[in-house]
Amino acid sequence: MNESYIRKLIRLVEESEIESLEVSSWGRKVRITQRLNAGSNGHSNSPAVMHSPAPAPSAPAPQTPAPAPTPAATAEPPAKPAEETPSDNLVPITSPMVGTFYASPAPDADPYVSVNEKISIGQVVCIVEAMKLMNEIESEVSGRIVKVMAENSKPVEFGQTLFLVDPKG
Amino acid sequence: MAEPELDSLAERLLSIIRTKPGERFPTEKLLQKLTCDYDTLRRAGKLLADWKYRVKRNRKAFTFIKAPDLLTEIEIAHGLKTKSIGRTLVCYRTVKSTNDIASGLAERGAEHGTVVVADQQTKGRGRLGRVWHSPPETGIYVSILLRPSFHPERAPAVSIMTAAALADTFSQYAPGEVQIKWPNDVWIGGKKAAGILTELSADKKSVHHIVIGVGINVNQRVGQFPEEIRPLATSLRRAVKRKVRRVEVLQSFLVNIEREYRNYEKDGLRKSHAKIRRYSALIGHDIGIRTGNALVEGRALDIDIEGRLIMDQNGTAVPITAGEVSVVKRQG
Numbered sequence: 001m002n003e004s005y006i007r008k009l010i011r012l013v014e015e016s017e018i019e020s021l022e023v024s025s026w027g028r029k030v031r032i033t034q035r036l037n038a039g040s041n042g043h044s045n046s047p048a049v050m051h052s053p054a055p056a057p058s059a060p061a062p063q064t065p066a067p068a069p070t071p072a073a074t075a076e077p078p079a080k081p082a083e084e085t086p087s088d089n090l091v092p093i094t095s096p097m098v099g100t101f102y103a104s105p106a107p108d109a110d111p112y113v114s115v116n117e118k119i120s121i122g123q124v125v126c127i128v129e130a131m132k133l134m135n136e137i138e139s140e141v142s143g144r145i146v147k148v149m150a151e152n153s154k155p156v157e158f159g160q161t162l163f164l165v166d167p168k169g
Numbered sequence: 001m002a003e004p005e006l007d008s009l010a011e012r013l014l015s016i017i018r019t020k021p022g023e024r025f026p027t028e029k030l031l032q033k034l035t036c037d038y039d040t041l042r043r044a045g046k047l048l049a050d051w052k053y054r055v056k057r058n059r060k061a062f063t064f065i066k067a068p069d070l071l072t073e074i075e076i077a078h079g080l081k082t083k084s085i086g087r088t089l090v091c092y093r094t095v096k097s098t099n100d101i102a103s104g105l106a107e108r109g110a111e112h113g114t115v116v117v118a119d120q121q122t123k124g125r126g127r128l129g130r131v132w133h134s135p136p137e138t139g140i141y142v143s144i145l146l147r148p149s150f151h152p153e154r155a156p157a158v159s160i161m162t163a164a165a166l167a168d169t170f171s172q173y174a175p176g177e178v179q180i181k182w183p184n185d186v187w188i189g190g191k192k193a194a195g196i197l198t199e200l201s202a203d204k205k206s207v208h209h210i211v212i213g214v215g216i217n218v219n220q221r222v223g224q225f226p227e228e229i230r231p232l233a234t235s236l237r238r239a240v241k242r243k244v245r246r247v248e249v250l251q252s253f254l255v256n257i258e259r260e261y262r263n264y265e266k267d268g269l270r271k272s273h274a275k276i277r278r279y280s281a282l283i284g285h286d287i288g289i290r291t292g293n294a295l296v297e298g299r300a301l302d303i304d305i306e307g308r309l310i311m312d313q314n315g316t317a318v319p320i321t322a323g324e325v326s327v328v329k330r331q332g
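These protein sequence lines map, in sequence, to chains A and B. Under the numbering used here, the first sequence has 124 at position 124, and the numbering climbs by one with no breaks. Under the numbering used here, the second sequence has 260 at position 260, and the numbering climbs by one with no breaks.
In isolation and in its complexed conformation, chain B is listed as follows (with noise of 0.2 Å):
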């Protein structure tokens, strides 16, 4: 049997058993279902283990235990709740930057929703060519490539869309816990816990496509984190104490940001605006706002139906859309 076609017979014996984790599959009835000799089984069962499932085999029966949580094709789509976003996957052990991929893509015509996914990033970007520290087996790079409708005025308010949904599954996790640093931050008690990397392709009067990067810090321990964003950061793992399935993160932020997107086209931030203004880790403080060498300092007020930061600044209330945001901390 050449190797393509093994690895569909194993995918195909992994999808019967993982049904019923535990439980024994007889060896004969399995040889009736996928049409093949016991040698070619035996080897496809062979295969499962070198994809990391633990699977127990012996000559009568094939048992399913436990899946690996890799970001593979099969782990993600498995019981994975979404229409459109994550419909098209396309996942790397190795990447250099997710979005490079993601942009790539769209350029050649992807669909809407294509999923990218890698475990590893080797040049991880924030913004301004800022680094994203992307090592291998703990965190999620992922870029999910949007083609809306809407008009380019109204792509800006991704980000926080982005960051809500983010904000919701992180909530399943550690609620309570769980803020929105304007726009595209994502806080664990205070510290954080996820970056998002938002890039624009579009003319005057259309998008073409948005590519939404997400760099998700699932099973970090402290020490995994470079020193200089130590104090700064944290993961998933820290704030639960467990690690945790990347994979079950990723499925739920998938099902997560499809229903944001499909909101925001609707009606934009308007059935989101609450939960955002919740989550807002800087409404009701004093903040500093810098704009290339200037400091603005002021109270957040809020932040309106257009995902703005409303600031107080010497009495008027002003909309904010840019600069770096930091929450400015008093003595006493």
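So that you can see chain A by itself, here it is in the shape it has in the complex (with noise of 0.2 Å):
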């Protein structure tokens, strides 16, 4: 779903008459939305596009929606179960393998983040084991560490949600 894709979308619906337009394709998913004034055709109207990573099983990207035209452009469904959807402020760092959660670099070592420590991009926050293999798991965003959604030791799955981040923090 590149860039040109998208501008032949909002074109599409620029030129219809239709409200919404919702298209999802290999995991990724658009939204084009205009407000359709009584009296006038749209065409007008610029769409607003809603662009979200949406049922991927990885991170679900922080949605900064631009300001929606309509009030029903903003009841964006759920793509993921309720539990594992953060709310809207906060980033989760996820496990990109099925393996073995490691909060320290050995049992009698300090956690390599804990609670309300700020954390930068890059930043080794904790190991996840697959068949003995220590992946040390970087930060992808900066911010403070919100919760650990993850138990020292126990398995993790693919896209689990490891910690929560307030990239504002």
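Among the hints, a few may not be true.
Claimed, not checked - Straight-line Cα separation of at most 30 Å, BS3-like style, residue types lysine-lysine; simulated pairs:
no., chain 1, residue 1, chain 2, residue 2
1, A, K168, B, K204
2, B, K56, B, K46
3, B, K46, B, K66
4, B, K204, A, K147
5, B, K192, B, K81
6, B, K192, A, K154
7, A, K118, B, K205
8, B, K191, A, K154
9, A, K168, B, K205
10, A, K154, B, K181
11, B, K204, A, K118
12, B, K204, B, K271
13, A, K147, B, K205
14, B, K329, A, K154
15, B, K329, B, K241
16, B, K81, B, K60
17, A, K154, B, K205
18, B, K266, B, K83
19, B, K20, A, K154
20, B, K123, A, K154
21, B, K20, B, K52
Said to hold, decoys possible - Residues from chain A that face chain B, not an exhaustive set, calculated with beta carbons under 7 Å:
no., residue
22, V98
23, T100
24, A106
25, M131
26, K132
27, K154
Hints are computed from structural coordinates only; laboratory data are not their basis. Positions of the beta carbon are idealized from the N, C-alpha and C atoms, including for glycine.
Two chains, two separate frames, one set of hints: put the complex together.
Okay, structure coming up:
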């Protein structure tokens, strides 16, 4: 789903009388909405685009939708089960593989990060081990650790949320 | 002559005379080949002796007798039959941890196949901060830097791929006695002779690099192991009842891991799957798997093409990717 494809969709919506068009492809979803004013054919309105990497098992990116043209447009159905959907302003750090979660480099060592700690991009936050391969998980966001979602030395699934980070924290 | 020049002259002298061990190379010819005066040649010969090479030297001729079993660039590179693994060699007398050095080199852009070797580690690491006992002049402590193009999901089987390469090397010394304890210990005669610590640096889409750290017990005597691991540990020397050249073991391992890695990149474990199953110390045995505080028991059925251990748990075949495995010993 590249830019020119999305442009095409926008033109399609602009030229039509439809209020909202949603297309999903390979786990990515785009929704284009426009306000159809009474007495006007709507051509003068520019559509709003919402682009979300929706039901992919990996991290849902923080959704910062464009200002919604209509109240209805904000009612995005949740793409994942409720317990895995963090609240709007929190960003999850997810597991890139099936394995065992370790919060610290050694059983008697301090954890890599703890709640309320500030983290930066690229900082190691934990280890996920699979078949004795030690995968140091680096954060892809900066912010503050709000919650540790996985339990030490317990199995984690691919895409499972390990930490919640407040990027404004 | 400045010292670095003398070093390189000594290396050139060595490369000439070691081509025919035991044979006399007349001094006159060496002087012509190396274009230096006799005093410089004499000092280069003395330097080789300092490097622990046994060379017969007199006014008339130089004769190469024997190379030392030292893990130096010169010795490892001499006759190493690999294309990429070990083409860049970084050798140390003593380091804290070869994996730490290799990770650091990786961050600074070191190339695929870079190999870090040490004669001794002062903070040899195993998984989860465990210690790998790494005394000097007996073992091999080596880390290999890989830069795969495959997806991070394919990285976990690198541990078992490495175990297969090690098992092949050990089998040259102790055929029929070598086993892999899934996924990353290599046993000789039922005791651990090598350990593997694989560390991955990746994002969700791509692998930045993998560092494979390997500790090999080569020439340790039983009494040289710390008491607490003595019943569980062994060395190549103990298996073959003679001293083994570490350089030779390392060269063999580098050749084997280059082949295993090439095969794995191309089509996963397909080529080595049968061999890995044959080496397995677990298949057909009752085992226990400890994850955290939970212990699950059952029979090890197989190792699948992704390198996972397949275990029978109350009639269901469950693929295992985590946990500490032990063989359950039954009475009678």
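These are the hints, each one checked on the structure:
Distance restraint check for K168(A) and K204(B): the Cα-Cα separation of roughly 23 Å lies within the 30 Å cut-off, and the hinted pair is therefore satisfied. Between K56(B) and K46(B) the alpha-carbon distance is near 10 Å, which keeps this suggested pair within the 30 Å criterion. Of the supplied pair hints, the one linking K46(B) and K66(B) holds, its CA atoms being roughly 15 Å apart against a limit of 30 Å. Between K204(B) and K147(A) the alpha-carbon distance is near 21 Å, which keeps this suggested pair within the 30 Å criterion.
A distance of roughly 27 Å separates the Cα atoms of K192(B) and K81(B); the hinted pair therefore holds under the 30 Å criterion. The suggested pairing of K192(B) with K154(A) holds, with an alpha-carbon distance near 27 Å, which does not exceed 30 Å. For the hint linking K118(A) to K205(B), the alpha-carbon distance of about 25 Å falls within 30 Å, and the restraint holds. About 28 Å separates the Cα atoms of K191(B) and K154(A), which keeps this hinted pair within 30 Å; it holds.
As the CA atoms of K168(A) and K205(B) are separated by approximately 26 Å, the hinted pair is consistent with the 30 Å bound. Simply put, K154(A) and K181(B) have alpha-carbon atoms about 22 Å apart, close enough for the 30 Å limit, and the pair holds. Distance hint between K204(B) and K118(A) is fulfilled; the C-alpha atoms sit about 22 Å from each other, no more than 30 Å. For the hint pairing K204(B) with K271(B), the CA-to-CA distance comes to about 27 Å; that is within 30 Å, so the pair holds.
At roughly 25 Å between alpha-carbon atoms, K147(A) and K205(B) fall within 30 Å of each other, so this suggested pair holds. For the hint linking K329(B) to K154(A), the alpha-carbon distance of about 26 Å falls within 30 Å, and the restraint holds. Taken as a hint, the K329(B) and K241(B) pair is honoured in the structure, with Cα atoms around 28 Å apart against an allowance of 30 Å. For the suggested pair K81(B) and K60(B), the alpha carbons sit about 34 Å apart, so the restraint of at most 30 Å is broken.
For the hint pairing K154(A) with K205(B), the CA-to-CA distance comes to about 24 Å; that is within 30 Å, so the pair holds. Restraint check for K266(B) and K83(B): the C-alpha separation of about 16 Å stays at or below 30 Å, so the hint holds. Annotation: proposed proximity of K20(B) to K154(A) is violated, straight-line Cα distance about 59 Å (limit 30 Å). For the hint linking K123(B) to K154(A), the alpha-carbon distance of about 27 Å falls within 30 Å, and the restraint holds.
A C-alpha spacing of about 18 Å is found between K20(B) and K52(B), which places the hinted pair at or below 30 Å, so the restraint holds. With 7 Å as the threshold, the beta carbon of V98(A) comes within range of chain B, its nearest partner Cβ sitting at about 6 Å, so the hint holds. Here the hint on T100(A) is kept, as its CB sits about 4 Å from the closest CB of chain B, short of 7 Å. Because the closest C-beta pair between A106(A) and chain B is about 2 Å apart, less than 7 Å, the hint holds.
Given hint, M131(A) at the interface with chain B, holds; its Cβ is 4 Å from that chain's nearest Cβ, closer than 7 Å. At its closest, the beta carbon of K132(A) sits 4 Å from a beta carbon of chain B; the interface hint therefore holds under the 7 Å criterion. Restraint check, K154(A) versus chain B: the minimum CB separation of about 6 Å is within 7 Å; hint holds.
Hints 16 and 19 from the list above are not met by this structure, while the remaining hints are.
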